[in-house]
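Asks: My request is simple: use the sequences and hints to build the entire structure.
Read top to bottom, the protein sequences are chains R and L. Take 1 as the starting number for the first sequence in the UniProt record's numbering and just add one per residue. Take 1 as the starting number for the second sequence in the UniProt record's numbering and just add one per residue.
These aren't lab readings, by the way, just hints derived from the structure by calculation. Bear in mind the structure is a predicted one, so any value in this text is a computation, not a measurement. Don't take each hint at face value.
Claimed, not checked - Below, simulated DSSO-like cross-link-like pairs (lysine-lysine); rule was C-alpha separation at most 30 angstroms, straight line:
no., chain 1, residue 1, chain 2, residue 2
1, R, Lys-270, L, Lys-85
2, R, Lys-44, L, Lys-85
3, R, Lys-19, L, Lys-47
4, R, Lys-19, L, Lys-134
5, L, Lys-134, R, Lys-84
6, L, Lys-134, R, Lys-44
7, R, Lys-41, L, Lys-121
8, R, Lys-332, L, Lys-33
9, R, Lys-84, L, Lys-85
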Amino acid sequence: MASTIMESLFQRTLEDLVKGLRVQMIGESRYISNHLEEIRKEIKSTDPNTKTMALQKLTYINMLSGIDMDWAAFHVIEAMSMTKFAHKKIGYLAASQSFHDGTDVLLLITNQLRKDLSSNNEYEAGVALECLSCIATPDLAQELTPEVFSLLASGRPYVRTRATLVIFKIFTKYPDAVRVACKRLVEKLEDTDPKVMSAAVSVFCEMAMKDPASCIPLAPEFYRLLLESKDNWLRIKVVKIFGVLAPLEPRLSRKIAEPLCEVMRHTVAKSLLLECIRTVVVGLPDHAEALKLAVQKLKELLEEDDPNLKYLGLQAMALLMPAHPWAVAENKSIIIRGLNDEDHSIQLACLQLILGMVSESNVIDTVQILLQYAERSEVRFCNEVIGAILATCSRGLYELVPDFTWVKEVRPDLLAVARGILLDPTLLDCPSLHRVLSAVAWIAGEYVDFSHSPFELIEALLQPRTKLLPPAVQAVYLQSILKTINIDSGKESEANHYTEVEEDSFNRLLELIEINVGPMAEQVDVEVHERACNLLGVAKALSEVLCTPEKTQEPGQHSSHERALEIASFLRSVFGQELGPVSVFAQSRVPVPNGLVLVKNLDSLDGMFCDEEVREELILVELQTREWDVGPISAQKVSGDESKHGESASLLAQHRQRHGTYYLPVEKGVTMGNEYPPPQIAQSDAPSTSSASDDIMKLAEKSFSWTKSRQTKPRPVVVRLDDADEDMILSSKMKKGAKDNVISNAIKDVLVGSKGKNFISSLEKEAADSHHEHGKKNHHHREHYDRNGTQESKPDVLDNTDEAVRRIGRKKHGKHRHTNHGSPISNVDIESSGKQRQEDTRKHSGQRSRHRLRSPVTVSPQAEVIPDFLL
Amino acid sequence: MSGGQLHANGCCWGIHYAKKMIHAVLVLNTLGKPRLAKFYYPLRAEKQQDIIRSVYKVLSSRAEHVCNFVEAEIIFGYETKLVYKHFATLYFIFVIDNAESELGVLDLIQVFVESLDRCFKNVCELDIVYNFNKVHTILDEMIIGGQVVETNPLEVIKTAEEVFKQESFADMIAIALKSSGKR
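Replies: Here it is, written out as structure tokens:
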């Protein structure tokens, strides 16, 4: 006893710790580790005060400096189980801050949570709910579903609100809970307490974002809330919900158009206004009146001085872009002014909008304006402008660019800007710019002809700090150096007039290459390694030739200049051919070599890939490989719209007549086949339905055939990435769908019974008799709520339900999670054991048939399955 | 470009799914020290520190009087934003996704600061440092599991003070029980 008193008397409090931290002279980390020793001792104390104080300090240090506190997990649990609220709360805070899926003692808290959730003290239940919302795992969620479910019917709004929000967390972790709790959650939309109602709307908003279709049956409820509620926060959520529901159900969008306009006209809350604008833009594209109003309001927002409104307005503008470019064009002057804004986010948003407006007729002017801006602005934004211009111009195989001579004229400008970027060493640090740098390096190598001082470019490419770049970018750098150096040497030797000084600097350059590229040859990355070796080889050959002293040469032998000339002209012939865009038409005339099967069904190889993830990784790897080879520009160039090919093909044909030399000699395709590797064209006529595995195999073939060709003759490889991309999106979506479906199916089942499709027909009816039934339903719901709400008055009835649910929970324990498909067992269990629920349902159906009888429309028998709370 | 987005889509999905409307609430001072870090999904301590550092890097590079929203897809995954406000020596940062209204959350930050102000009477950084637990309590009265519970500062403070009372009240009962037990 005495020792514990001494302990707590002399223990340092959190305040002492903080004070100490502020005045310490020995360095923060040392101070903390000293203190941690003390905490380790104190936390083992048997005195609750000492223990929780130590825990509190530990939690603070954990937050401040990321010290691991997994070792204290068991002490956290001890603190959570203390009787005093103050101690308990410290324990719960520590748990929700530090527990994660990997905490091994996590399941030990199940019983403690269960106890505290059913505590009579609402604040105890509150902290338990808060903690559960942070650390819920599938197992915890399954175990505690019954407790949280019964809290949904708690008489205290404080607990009810929190339980409503936590039940959603449980849904995401343990989708089967939807079957138990969804109906009660729907009732919360009618709760007497506005906070509970608002919480329920938030939950449904989140559900609608994940799976809009499952929430459509609740549309009438949300409609009512939109009309009746005065709470802006709630209305924002409702409008958001409509934003995702409306695109799915055209009748719904007709119905909400008028109320939304009403809100837009009258609300003073900008947040609500903005939400309405977004919903109108996304969900009601056919309502001219609503759209016009939204665009007008948007314009007002853009004209405000508040940068926040401007930024959000621009973002909403971007939503308008695909369907209503006229609305964006109307605000063109504001948008162009935005390029000068001091706010980087606003600049970027404007840039995107401007490039979205680019069309065949204005592309030249736009690019010129943007280049002017690029030259004036700071480096970072300049990069983004250049990258965006390139991406836009190359979109759809240059479909936008009417005149290729112009593209060529722009190139020197481009190079000038690229040079600026390359010379700035500070940019190498910034990971987000790596892709830009890779593009710039490619430009530098490809168009080095336009440069006045290739030496400078090489020096920039050889900066020691390039080691910071990822291997893919390094590879592009190396290739660019190779291109630059041979053009350089070729130029000089051809002219045969280079002076001593230039020769010196050239030798220095070669040395520089050896110093800097040497270490890269040791790289693990194959691509970098190979290219570095090639480059070193070339450099060595050149330096050998150039270093042979003139005087030792006998007359009549080739001078070093001549030999250098030989090498250089050879290298030039390798890189000399300019990479023009190759039309799809021309590509398709290159014959596929014998033995290469591009469209074979490779489903039988499916077994090779054990699961989806491996496949996705493979695709990613392949994508990256392809990007290196093609160079980033051509990688972007290929992302095009297939339907536009015809147009661009004819354009290109015209162009080809004028500048035939830039094109591959297609007629000699067959003979070329021996000299060049077969062009790597992802067939535009390949079946678009090809499965992911097909793609992988095709890609694999391609990447294998590349490896050899690369060293001899790099050439434009036009690959359509689109298909692969779509596949990837698809597969990731499917994967996502697999889990989402569990929830959405369950929601659907609960909301509309097993015949989910019928809700559409019900909506039609609903339009006819909604007013009539609204009153009825509200009335009914009050009744219903009263029954649940006054829990205390009829405890036995409710206990039955809860007990039943709890039993189910227990029964299922040990079966682990049912993540695959909603388990029909639980459904049956509930239906059979929850007598109260059955009674409910019967009552509902009774009421419904009464409505149906009164309604003037003849109702098809299927409509019966829709529970009437939806109507 | 498309590759990068796909990457975010495909790989962050697992985490993204677990995340909620408000992913995290951070309070950092202008030197980058965390004063409050609440993540609404489980995250290991070192990861939290990484995130705090990258958030600070983003915010410290922003000028004054620019908009209060920053895209944060690199840090938090698909379609996430930082909504932040700068008060004296502190940044208040809410990390949200597209299920939350940006302006709404900006108001929410105001509510949070007002609540702190009422609780500590002219709140300053030191109050938050010394009352780490209380600040958490106040935040928990506003947000549960990443969703908003209360948007009225008066109500927030009312319930938070109930909880504070409970803490000290339980103390008193315990003392009373102890003393009666001794007798």
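Asks: Against this structure, judge whether each hint is valid.
Replies: Do the hints match the structure? See the list:
no.	hint	in the structure
1	R:Lys-270 / L:Lys-85	18 angstroms, holds
2	R:Lys-44 / L:Lys-85	41 angstroms, violated
3	R:Lys-19 / L:Lys-47	27 angstroms, holds
4	R:Lys-19 / L:Lys-134	18 angstroms, holds
5	L:Lys-134 / R:Lys-84	17 angstroms, holds
6	L:Lys-134 / R:Lys-44	25 angstroms, holds
7	R:Lys-41 / L:Lys-121	36 angstroms, violated
8	R:Lys-332 / L:Lys-33	42 angstroms, violated
9	R:Lys-84 / L:Lys-85	37 angstroms, violated
In this structure, the hints that do not hold are numbers 2, 7, 8 and 9, in rising order.
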